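Residue numbers (the working numbering), protein chains in the order written: chain Y, 1 to 663; chain E, 664 to 1053.
Bear in mind the hints are in silico, worked out from the structure with no lab data behind them. These numbers were taken from a predicted model, which means no experiment stands behind them. Where hints are given, some of them may not hold.
Cross-link-like lysine-lysine pairs, in silico, DSBU-like; alpha carbons within 35 Å at most [to be verified]:
#, chain 1, residue 1, chain 2, residue 2
1, Y, 27, Y, 59
2, Y, 596, Y, 131
3, Y, 149, Y, 59
4, Y, 149, E, 884
5, E, 884, Y, 59
6, E, 884, Y, 456
7, Y, 13, Y, 89
8, E, 884, Y, 27
9, Y, 142, Y, 89
10, Y, 89, Y, 27
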Amino acid sequence: MGQTALVTQSGQKPVVQVIDFHKRYYKHPAVQGVDLTIRPGEIYGLIGPDGAGKSSLMKAVAGVLTFDAGTVEVFGINLDSEAAAERIKGRIGFLPQGLGLNLYPDLSVEENIDFFARLRLVSEAELAGRKQRLLATTRLLKFRDRPMKNLSGGMKQKLGLICTLIHEPQLIILDEPTTGVDPVSRRDFWAILAQLLHEQGITALVSTAYLDEASRFHRLSLLYEGRVLAEGEPDTIQALAPGSLVVLQPERQMEALAGLKARFPQVEALGSWMRVFVNEADPPTAIQQVQQVLAGIPVRTIYADEPELEDVFIALLHQQQLARHHPIKAASAETAANVRSGNGVAIEALELTRDFGAFRAVDDVSFRVRQGEIFGLLGANGAGKTTVIKMLTGILRPSQGAGHVAGADMHRAGMAIKQRIGYVSQAFSLYQDLTVVENIRLYAGIYGLSMADTRKRTEWILDMGGLDGHENDQAGSLPMGLRQRLALGCALVHRPQVLFLDEPTSGVDPIGRRHFWDILFDLSRNEGVAILITTHYMSEAEHCDHLALMFAGRIVADASPAEMKRQVEAEVGGLLELTTDQPTLAMERLLEQGYKETTLFGRRLHLFSRQPDSDRRRIPALLSAAHIEVASIMPRPLSMEDVFVYWVTTLERQESAVATGTG
Amino acid sequence: MNESLHPLQFVYVWLRQLQVMTIKELRQLSRDRALLIYIIYIFTLDIVIAAGAINTELNQSKLVVHDADHSAASRELIYRFQPPYFSLVGTVTDANQGLYLLDQGDAMLFLDIPERFAATLGQGERAAKVQLLIDTSKATPGFLASSYSARIMADFSREWASQQLLRAGLEPGSVPIIQNQRRIWYNPTLDEAWYGTLAQLLTMITVACLLLPAAALVREKERGNIEQLLVSPLTPFQVMFSKVLAMILVTLVGTAVSLFGVMQPFFGVPIKGSAPLFFALTALYAFTTAGLGLVAATFARNSAQVGMLVLLMVIPINILSGDRTPLESMPLWLQYLTNVFPLRHFIEITFGILLRGAGLAALWDSVLAMTLLGCLLFALGLWRFRRQFG
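Build out the structure end to end from the sequences listed, making use of the hints.
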């Protein structure tokens, strides 16, 4: 363990230097004037929603994309010609976007690695050693003979990483390596990446669409629509939009929401909770300001919290006047009359089971969703979420068990169910070559709406989704956020009582996501629509009234988000965040000392502690004995991601223990 | 909603669903520029090209002669190999040179006339011999050259014989002779373009009917649209049949353009029978073939695969249905088997109506066979679709 990594003095020559970079595709500008400096040994992050210009920038740095203006220097070589680009390619590793897209599905893990190594002219002797080491670190040794197509998403991405590292590059460029990977595999991937880069002193440029991954980077740039919104260390960026986050649980929710929205630009409803970002206010002042607005509305709980990067991101957009705000119109008198009886059960799953051959995809799943409730179904890829949705929507027949959806028996009244539900699938499932209005009319026709109703609903959908002005645009040309609202609109064209959403916000930018959730909240509270949703964004899980966590086809936890966090805290203790300038060494010490649940987040460490108070004193002393200085150690509230990762890793451990016990 | 509907209202909603889905298909097709250009091409330019593509006549076959006799008789024989069928490219002084030109492919026929050809002919005691060597590596022109030249020789020898008879004072008419009176029906000028363009139109209708609905269905699978349709109150029948309906319309328009815009004005292809009957039966054929395309679509995972499957099916269908080769030349068991190809029946129908002016009375068996096949194939496609997504 040398101190080669993490040398970030600005005196050193940068590995990558980008100045005033411009790239356009036909008439559409993708990147407009971006500067970027990456120092040796850094993990540099590019964070931004789809279409922010991340991929264009990364491809240019990798020397595989020409650009229109500006300079790109890598290892001090100006990439102004193809010949120059060829000179750096041997020292670079590039993992393009898309899960396993650069790998060969029919080749085994080992064959894939061998192929990439030989392509890079790695000698056989070196290859054998490196392959062994990389497979061991990524825990893929057992799977070396398995065809790549049979790997899980997380494993594919680890194999992609090995193939990128096999020729020992000095700079690796990873384009959204964690997109589409479940939270557990995502954490695993970051840990392995940090370890490998640290061991070999490699510099990395990594992009992500998940804002909560910012803490994984040493420094980062926030990109939005081809421009840099902010850059620097995570803390520096956080400080650009000073303010406090107020979390509260008010009594009369809709009234409180309306009041807060009128006063503060960033208000989110999360189940029975609300989050309000108060600009440029310290915590006590922020709470005071919120309470003033809520005069007369009783509040059960209220406290101040540190804002997350997403809040900062949106605040920065507001600062720079880039945010386009679409106020949600209150439900019209007509739709309000349509509100269903408050407490009826909208979805009931009773011991649902589904087998595919010998494989049991869903095992004895039961739950209930009330009318007007937002119910979240969480789980890693392959946990059975989509199969449950498919059974409830009538696409798939259950092997055993029963269910009622919107008052109809799923065994006997499939057609009636289909008339009463709406469904938004993972991929954009509308017709991209039809215009917005043509799509809406098509679905109105499919659901047998009369011409008059079709006109009324088309207007309502355009209004609800903020689609005015886009009526005659082809759906494929819309940005992701608008597309998903159109998909939602089409799913609502016939006023369904129950709405199924399968990862509806993948690839949608944070503002679009918040707008989407505003609509869902309005639907559930004002129109009494029951909503069942699956999501990959753990921060979105907090929006749900109730959550069910699936693992290996079973429901392993079923509670509200707050309860789930309490349960995990009761089992493993509170979360401590430790800041130090030698995080890797500190982590080794802590693992030796029995703090098993320690994970690396950029320069910080997260660890669970049963006695947070005593550990807060004990750990700095313990580390300073090893000459590691601790800058701070603070308790942090658990996130839904912490809960998810805790559950899944615990269950995986149990399962492998059982497997080795019986086998 | 649905379960409480009045039956009449139910039918109305059902038809409206089918209508919006069919319009959607047409709209999508109209936005797919590449596919649109392809469809226009196969019904226009491709037909024009096909008119000249198949040529079963001999054309400018290169003839080389070795004339060792240099007599009036030998010159007359050579003179009978006339353009446009033959073209005399030269004479050689050595028979080996002629063989060499044959080997090189510079000549297709080599006529070798030995010395004393005219003398032997004049004596009439023995048969005068000439040697004709023909390159038949290309079977059809080779076969034609051989039969044409055989006829030239026979005519020459018969005329020479009757002249000899005359000289001997005999009346040539007293020799028994069959006079062959031919009447060519249905295509009196033996216009190759009629057959060529019609055969090509049939092939292209087949390609369009296989490919368009299959591609439309696979595209929905590829882009994930199908899931959205499956959770809607549409039945699999409506999903599939709307595609067939849209593509039948496109095929009918294409066929009309081809027939009235290309084949009739430029090649004079007649429509002897009832045009409405022909179009009605084209629609039936389109439905039948679309069924096969949909079955293929349930096996394919993406557009590329469906394209290859269609290619794989078109060639044997085309060859085994008798579009290019006569059915009678196939073994009997294969002739029975070809009944399962809808194209076989549609060929009967097309040539029957357009060239022979036949009506339903003559074609009912083909129509019945095609209807049965169509229903069977569509049901099979529907069953596979349900199994895949149900």
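**Item:** Those earlier numbered hints the structure runs against, lowest number first
**Value:** Every hint satisfied by this model.
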